[in-house]
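Residue numbers (UniProt numbering), protein chains in the order written: chain A, 1 to 731; chain B, 1 to 731.
Don't read these hints as lab results, they were simulated from the structure. Where hints are given, some of them may not hold.
[Claimed, not checked] Restricting the straight-line Cα-Cα distance to at most 16 Å, the calculated cross-link-like pairs of lysine to aspartate or glutamate (EDC-like) are:
{"id": "1", "chain 1": "B", "residue 1": "K334", "chain 2": "A", "residue 2": "E328"}
{"id": "2", "chain 1": "A", "residue 1": "K570", "chain 2": "B", "residue 2": "E298"}
{"id": "3", "chain 1": "A", "residue 1": "K289", "chain 2": "B", "residue 2": "E303"}
{"id": "4", "chain 1": "B", "residue 1": "K289", "chain 2": "A", "residue 2": "E303"}
{"id": "5", "chain 1": "B", "residue 1": "K110", "chain 2": "B", "residue 2": "D91"}
{"id": "6", "chain 1": "B", "residue 1": "K570", "chain 2": "B", "residue 2": "E557"}
{"id": "7", "chain 1": "A", "residue 1": "K563", "chain 2": "B", "residue 2": "E297"}
{"id": "8", "chain 1": "A", "residue 1": "K290", "chain 2": "B", "residue 2": "E303"}
{"id": "9", "chain 1": "B", "residue 1": "K150", "chain 2": "B", "residue 2": "D91"}
{"id": "10", "chain 1": "B", "residue 1": "K334", "chain 2": "A", "residue 2": "D339"}
{"id": "11", "chain 1": "B", "residue 1": "K334", "chain 2": "A", "residue 2": "E342"}
{"id": "12", "chain 1": "A", "residue 1": "K283", "chain 2": "B", "residue 2": "E297"}
{"id": "13", "chain 1": "B", "residue 1": "K83", "chain 2": "B", "residue 2": "D123"}
{"id": "14", "chain 1": "A", "residue 1": "K493", "chain 2": "A", "residue 2": "E481"}
{"id": "15", "chain 1": "B", "residue 1": "K313", "chain 2": "A", "residue 2": "E198"}
{"id": "16", "chain 1": "B", "residue 1": "K684", "chain 2": "B", "residue 2": "E442"}
{"id": "17", "chain 1": "B", "residue 1": "K313", "chain 2": "B", "residue 2": "E342"}
{"id": "18", "chain 1": "B", "residue 1": "K283", "chain 2": "A", "residue 2": "E328"}
{"id": "19", "chain 1": "B", "residue 1": "K360", "chain 2": "A", "residue 2": "E264"}
{"id": "20", "chain 1": "A", "residue 1": "K570", "chain 2": "A", "residue 2": "D556"}
{"id": "21", "chain 1": "A", "residue 1": "K283", "chain 2": "B", "residue 2": "E302"}
{"id": "22", "chain 1": "A", "residue 1": "K283", "chain 2": "B", "residue 2": "E303"}
{"id": "23", "chain 1": "B", "residue 1": "K570", "chain 2": "A", "residue 2": "E302"}
{"id": "24", "chain 1": "B", "residue 1": "K717", "chain 2": "B", "residue 2": "E606"}
{"id": "25", "chain 1": "A", "residue 1": "K334", "chain 2": "B", "residue 2": "E342"}
{"id": "26", "chain 1": "A", "residue 1": "K669", "chain 2": "A", "residue 2": "D649"}
{"id": "27", "chain 1": "B", "residue 1": "K563", "chain 2": "A", "residue 2": "E342"}
{"id": "28", "chain 1": "A", "residue 1": "K317", "chain 2": "A", "residue 2": "E481"}
{"id": "29", "chain 1": "A", "residue 1": "K313", "chain 2": "B", "residue 2": "D200"}
{"id": "30", "chain 1": "B", "residue 1": "K334", "chain 2": "A", "residue 2": "E382"}
{"id": "31", "chain 1": "B", "residue 1": "K195", "chain 2": "B", "residue 2": "D91"}
{"id": "32", "chain 1": "A", "residue 1": "K570", "chain 2": "B", "residue 2": "D649"}
{"id": "33", "chain 1": "A", "residue 1": "K85", "chain 2": "A", "residue 2": "E116"}
[Stated by the list, open to error] Looking from chain B toward chain A, a few residues come up when the C-beta cut is under 10 Å (computed):
{"id": "34", "residue": "K159"}
{"id": "35", "residue": "F383"}
{"id": "36", "residue": "R393"}
{"id": "37", "residue": "A571"}
[Unchecked claim] Every beta carbon over 12 Å from chain B, so not counted as near; a handful from chain A, in silico:
{"id": "38", "residue": "L112"}
{"id": "39", "residue": "Y449"}
{"id": "40", "residue": "G491"}
In this text, a Cβ means the ideal position worked out from N, Cα and C, and glycines have one as well.
In case you want the letters, here they are:
There are 2 protein chains.
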Amino acid sequence: MKWNGYRWEKDEYDEKENQKNTSIGNPSNSSTTNNSSAMITTKEALRAAAIGSSVQKHGPTNSLAEWALAVTNAIATKTLVLKPKGLQSVDAIIALARADAAFQTNQLAKLLGAKEARAAQDDFISQSLKVDRVDASPFSLANFPSSSDKSTILFAIDKTLASESALAFRNFDAQESLIVPGSTVVQFVESLGFKVTEFDTAAIGVTPVTAPPKQTVKPGKAAKVAKEAMPVTAADESAIKIGIDVKKNEDFPSWYTQVLIKTEMMDYYDVSGCYILRPWSFKIWAEIKKFFTAEIEELGIEECYFPMFVSAKALNKEKDHVEGFAPEVAWVTKAGQSDLAEPIAVRPTSETIMYPAYAKWVQSHRDLPIRLNQWCNVVRWEFKNPQPFLRTREFLWQEGHTAFATKAESDREVLDILDLYRRVYEEVLAVPVVPGKKSENEKFAGGLYTTTVEGFIPTTGRAIQGATSHSLGQNFAKMFEITIEDPEQKGAKSFVWQNSWGLTTRTIGVMVMVHGDDKGLVLPPKIANIQVIVVPVGITAKTTAEERAKIYEYVDEVVKLCKPVGVRAKADLRDVYTPGYKFNHWEMRGVPIRLEVGPKDIAKNEVRCVVRHDGSSSQLAFINLAKTLPEKLTKIQADMFEKAKAERDAHVIRLEKFENGFVQTLDSKNLILAPWCERVACEKEVKDRSTRIALAGETADEKAPSMGAKTLCIPFKQPTENPVVPGTHLK
Amino acid sequence: MKWNGYRWEKDEYDEKENQKNTSIGNPSNSSTTNNSSAMITTKEALRAAAIGSSVQKHGPTNSLAEWALAVTNAIATKTLVLKPKGLQSVDAIIALARADAAFQTNQLAKLLGAKEARAAQDDFISQSLKVDRVDASPFSLANFPSSSDKSTILFAIDKTLASESALAFRNFDAQESLIVPGSTVVQFVESLGFKVTEFDTAAIGVTPVTAPPKQTVKPGKAAKVAKEAMPVTAADESAIKIGIDVKKNEDFPSWYTQVLIKTEMMDYYDVSGCYILRPWSFKIWAEIKKFFTAEIEELGIEECYFPMFVSAKALNKEKDHVEGFAPEVAWVTKAGQSDLAEPIAVRPTSETIMYPAYAKWVQSHRDLPIRLNQWCNVVRWEFKNPQPFLRTREFLWQEGHTAFATKAESDREVLDILDLYRRVYEEVLAVPVVPGKKSENEKFAGGLYTTTVEGFIPTTGRAIQGATSHSLGQNFAKMFEITIEDPEQKGAKSFVWQNSWGLTTRTIGVMVMVHGDDKGLVLPPKIANIQVIVVPVGITAKTTAEERAKIYEYVDEVVKLCKPVGVRAKADLRDVYTPGYKFNHWEMRGVPIRLEVGPKDIAKNEVRCVVRHDGSSSQLAFINLAKTLPEKLTKIQADMFEKAKAERDAHVIRLEKFENGFVQTLDSKNLILAPWCERVACEKEVKDRSTRIALAGETADEKAPSMGAKTLCIPFKQPTENPVVPGTHLK
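With the sequences and hints as input, model every part of the structure.
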């Protein structure tokens, strides 16, 4: 296969995106500061206290979200100043939280024992802390007037932050961040004489209200009525919303978090970077697993399980490889009360765990191929802000590790697996991806070449790496001495050819981001745990017991006919909830089809069918349901893919010259398809050039990322119209 | 349900058994010592060096195996003294290995760079180390004559031992063990001036030979011929055996290890206590998973995934509970190069991980029940000798965690799940178990009561805990504040009722131990990855290409007809192996049915069928195979269960009086069924009494364990003949 010169350009999602998260303080207000001479700045306070801190420079940022985006290797924080009610003798709470924490001020106040709280007035902040709200930090407590009573101020810190080794604080000009360990912050505040308490953000994640507003709903109009009855106002911090209360296009990070929490896909956990996968998301993973396991079994790949722990020696065997993971490796150093003589790593990936065994098992070509796969958890202790599903410290994945006698066999498998990854995204999750090859720069460390499927999130305009299938060449075989007798040359040894490939729970996050809408989740039928929800409607106070029984019986009939035709259906017969509440409940959770069964439908031997992803509705004849439901689900799956593909395609812009608006095109949420000569120097030049322009502020969008463009992949499917001339590149 | 007073008595397998492992040194030779006055004993050497050590007393032991059994909280070791060939200038190797290490002396020698090695003569040992072979230890190097050249001695240590914090060495009288950290041993030997090297036991696990002896085999007689051609002599250390070369009844620990390694179920790994689950065993786990998942889904239990890490604070919340696990918890304290501010535990079980979330999710009875299950890995860093599948530091399991509004619901589930565990053992693995309730003494720490299924290993006469289903009562709910509004009393809170239940990969080890025979593994059809292996036979040098094609075609037909009737069949068409080799290969791996297809069978439109578990053979008509094969598999499954059950039943002895040979009955590899009044004092008395007798040496079997009998469970199914009078107990 000849790779020629086209590529997709755009910073990858997993590198920098979605650290823009919602904040409760109002950081976009202002970045100007009333720098009075009496004021102690963050930096000065730190210096005065002579406490350990370091500075990370990153250029100007204009909002908390943008700043958080620029912070690397530390946890971006925000400081809230609250005036609580009902906490006797406490006048204000200074709370330090993660910059991306999504909770209501009031919930925090309650957690701390107050009845409720509101954000402190600007006056209060500037008088007590001597800074603007946007610049408040635990260090500004050093400005607190010595004449005032310190016991009236409570300093509260997210307990996961208290134990982090690197917290980032915005410095005044916001061109750099101060990095301080959590324990030092606590120590500093205590040394100033303030009370310190910890709180558990995990305990105040947004949870749905269980008792819904009661209402009577007419059949047919139910959805509309229900929606009107739901609270839709935006910023009422005292009420926890049932539905998603932000728009996907307006505040994507908050939308994403709300969708995951409110649909009960995910929940927070008190170890930073780790999340709970609840059944509503875990079942999606189970469906992906089912599909992929069946396919690789057909290829002759077997399931196994290798230990999670790896000795430092084995881990360090392949230098390039370990360099990529070393800063993120979690080490077990103690068992019970005893120190282990040698620390043991928790697997970040299993190459170095499996290959010593492969070396033992492989003696001759008859022991080949070895084709093993395992589904397991891995740990990568990243210091970037975590993001549910997309970047978590522990995650689930499958990892395949294979060894062949010849390069040809290994090359074939790399592509066979990549095509399965494409099918997981396109056929199972209805998410379009671009299969291609990574540049030398972006390939898997220690491998020969990396193939990838690249996804795209239209809302952010960013690409995201979907899954990768690596040819490791003979590199690991050389390190671990996995050899066979050379078939060509008697007595000589030859090294085996190896691949490794992995697909993670990230798939779920990508699917949510691509398909979700303002109402919440939209699930493609193939992975929907419930494909059809059946809701009885039209039951009022006047409905007789007999009529009600008839409706329930009909609902039951509908559900029963589904299983034999392979449709996963469920009836929502909860009698404490109104139909409107149920409609919202299942819409938010993304169930592909809702069937409503009311007296009028029954009279016509019909059910009302509402499709989640496009809102279309129709009447279906009961008699044909066993045929129409599977057909509808197939069509929904196809339609969702086509819709997502059309949207993605509209954002792929072909460019031959850099001057033709390269950076502006990226900033308009596009990917760029451009010729490339495959030289590293050219790749670097494009990155540098786009970075310079962004830094110089030449772009229209001031929120554009300040880092340059990078290559995503050389797509296997090259444009056939006006094909690129091999060797040419972006002018 | 009324528990009344019967119980099973016998030390549990998982507590003390199967630490008796094979050893290469000849420990049973002698326990007498030529204690000359010139000799420095182990203890004296340690004292002289003033290095850190402690003593564990355990009473007399008569062999290495027996001694290893008595060692707790440390790794039992053995010291080998080898005379290598081909290692220039090295006269002897003193090698320190795990007491249960199963490798050939020669393999070790090769690993260390020698051509081969034999055990040193007694003369050499007594002259150089001044001790008997059985008492050789690294410390006896202190006796090495100062006039001799120390550079001719190489000290080699299993690298996993070098990093262990507690190694056990037999002391001379073998009534106690010396406990020394691995690093101290190395330091001590170095301080004496000897060269020290490490070796990797994982690299010399027994592996099957890939190129078998060539032979011509006649059809029909193939099995016999092949067996004769296989090496069957016992102690030839220079040859690695293809088949199992010890008898199950003669050396059970070696037999077990060989079965696991040679059938490629398992392999060693270089982190102590962790093992590799290869496809041949992992597929058994997958079958168990499939059965259990389908059953609990029917009960309404959902799959999820909670993080692996738990903060010290959450872990310590329930005191009784954490006490049970604290000494075995693995702690992550570093990420990359940074120390974590607070250590994080790796889950030993997930009660304390899940229940804070349950507290958040449960507000009213409408949020109940919560019924979640996850399949995951857990870590319990035990210091007892590890045992593949039965006791490993990392293992796989499912853990169910549920919460209910009422005790009645929770009680029902405890038994529903226990019955599923019974069915996993009895219906899936064909292993009989006794369902019952644990005594107060033996229940899960922090719970209300524990139910269990208890298995039995006839070869050792020991019981083994199969799986447990716990009622946690309201204890955890109180600790984690999982409450609902009391349905009885408005405004009041009531705590939820919780259960937890788990089934581990131990199931696989139990199945191997119960069904395996001298030829190797015997798999019940339900979990056999290959249920039917089809082997072409009767192909000789005279066979024409046409005849050969006909045989292969017939084999292919046989395999093809299996899939549609749900039979997992495979043809072994490897042309480098003889039929005899293949017969042994698949017999050792436990495949339930072997079909042989040769010219004579084809002529009669038949296949020859050989059943693994009883060795019976018959001719089957090809035309009926689609019917007879599934029937045969069903019968094999039933027969294997009945056979195992009859054997178990024969070892359950009912006793009313202690004097009627209580200890002798246990020592004869039996379980005792005895009345019990359910008072803790009586349970303790029986234990003490049996311990005293064992210690006093009153029992016939001198290898009897020196610890007393303990209760296994109060069986739910009580004897109907001559039923026990409630309140009575063993006299």
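Each hint tested on the structure:
no.: 1; hint: B/K334 / A/E328; verdict: holds (10 Å)
no.: 2; hint: A/K570 / B/E298; verdict: holds (14 Å)
no.: 3; hint: A/K289 / B/E303; verdict: holds (13 Å)
no.: 4; hint: B/K289 / A/E303; verdict: holds (13 Å)
no.: 5; hint: B/K110 / B/D91; verdict: holds (15 Å)
no.: 6; hint: B/K570 / B/E557; verdict: holds (11 Å)
no.: 7; hint: A/K563 / B/E297; verdict: holds (15 Å)
no.: 8; hint: A/K290 / B/E303; verdict: holds (14 Å)
no.: 9; hint: B/K150 / B/D91; verdict: holds (10 Å)
no.: 10; hint: B/K334 / A/D339; verdict: holds (13 Å)
no.: 11; hint: B/K334 / A/E342; verdict: holds (13 Å)
no.: 12; hint: A/K283 / B/E297; verdict: holds (12 Å)
no.: 13; hint: B/K83 / B/D123; verdict: holds (12 Å)
no.: 14; hint: A/K493 / A/E481; verdict: holds (10 Å)
no.: 15; hint: B/K313 / A/E198; verdict: holds (13 Å)
no.: 16; hint: B/K684 / B/E442; verdict: holds (12 Å)
no.: 17; hint: B/K313 / B/E342; verdict: holds (10 Å)
no.: 18; hint: B/K283 / A/E328; verdict: violated (32 Å)
no.: 19; hint: B/K360 / A/E264; verdict: holds (12 Å)
no.: 20; hint: A/K570 / A/D556; verdict: holds (9 Å)
no.: 21; hint: A/K283 / B/E302; verdict: holds (9 Å)
no.: 22; hint: A/K283 / B/E303; verdict: holds (7 Å)
no.: 23; hint: B/K570 / A/E302; verdict: holds (15 Å)
no.: 24; hint: B/K717 / B/E606; verdict: violated (46 Å)
no.: 25; hint: A/K334 / B/E342; verdict: holds (13 Å)
no.: 26; hint: A/K669 / A/D649; verdict: holds (12 Å)
no.: 27; hint: B/K563 / A/E342; verdict: violated (50 Å)
no.: 28; hint: A/K317 / A/E481; verdict: holds (11 Å)
no.: 29; hint: A/K313 / B/D200; verdict: holds (12 Å)
no.: 30; hint: B/K334 / A/E382; verdict: holds (12 Å)
no.: 31; hint: B/K195 / B/D91; verdict: holds (12 Å)
no.: 32; hint: A/K570 / B/D649; verdict: violated (47 Å)
no.: 33; hint: A/K85 / A/E116; verdict: holds (5 Å)
no.: 34; hint: K159; verdict: holds (8 Å)
no.: 35; hint: F383; verdict: holds (8 Å)
no.: 36; hint: R393; verdict: holds (8 Å)
no.: 37; hint: A571; verdict: violated (15 Å)
no.: 38; hint: L112; verdict: holds (17 Å)
no.: 39; hint: Y449; verdict: holds (27 Å)
no.: 40; hint: G491; verdict: holds (16 Å)
In this structure, the hints that do not hold are numbers 18, 24, 27, 32, 37, in rising order.
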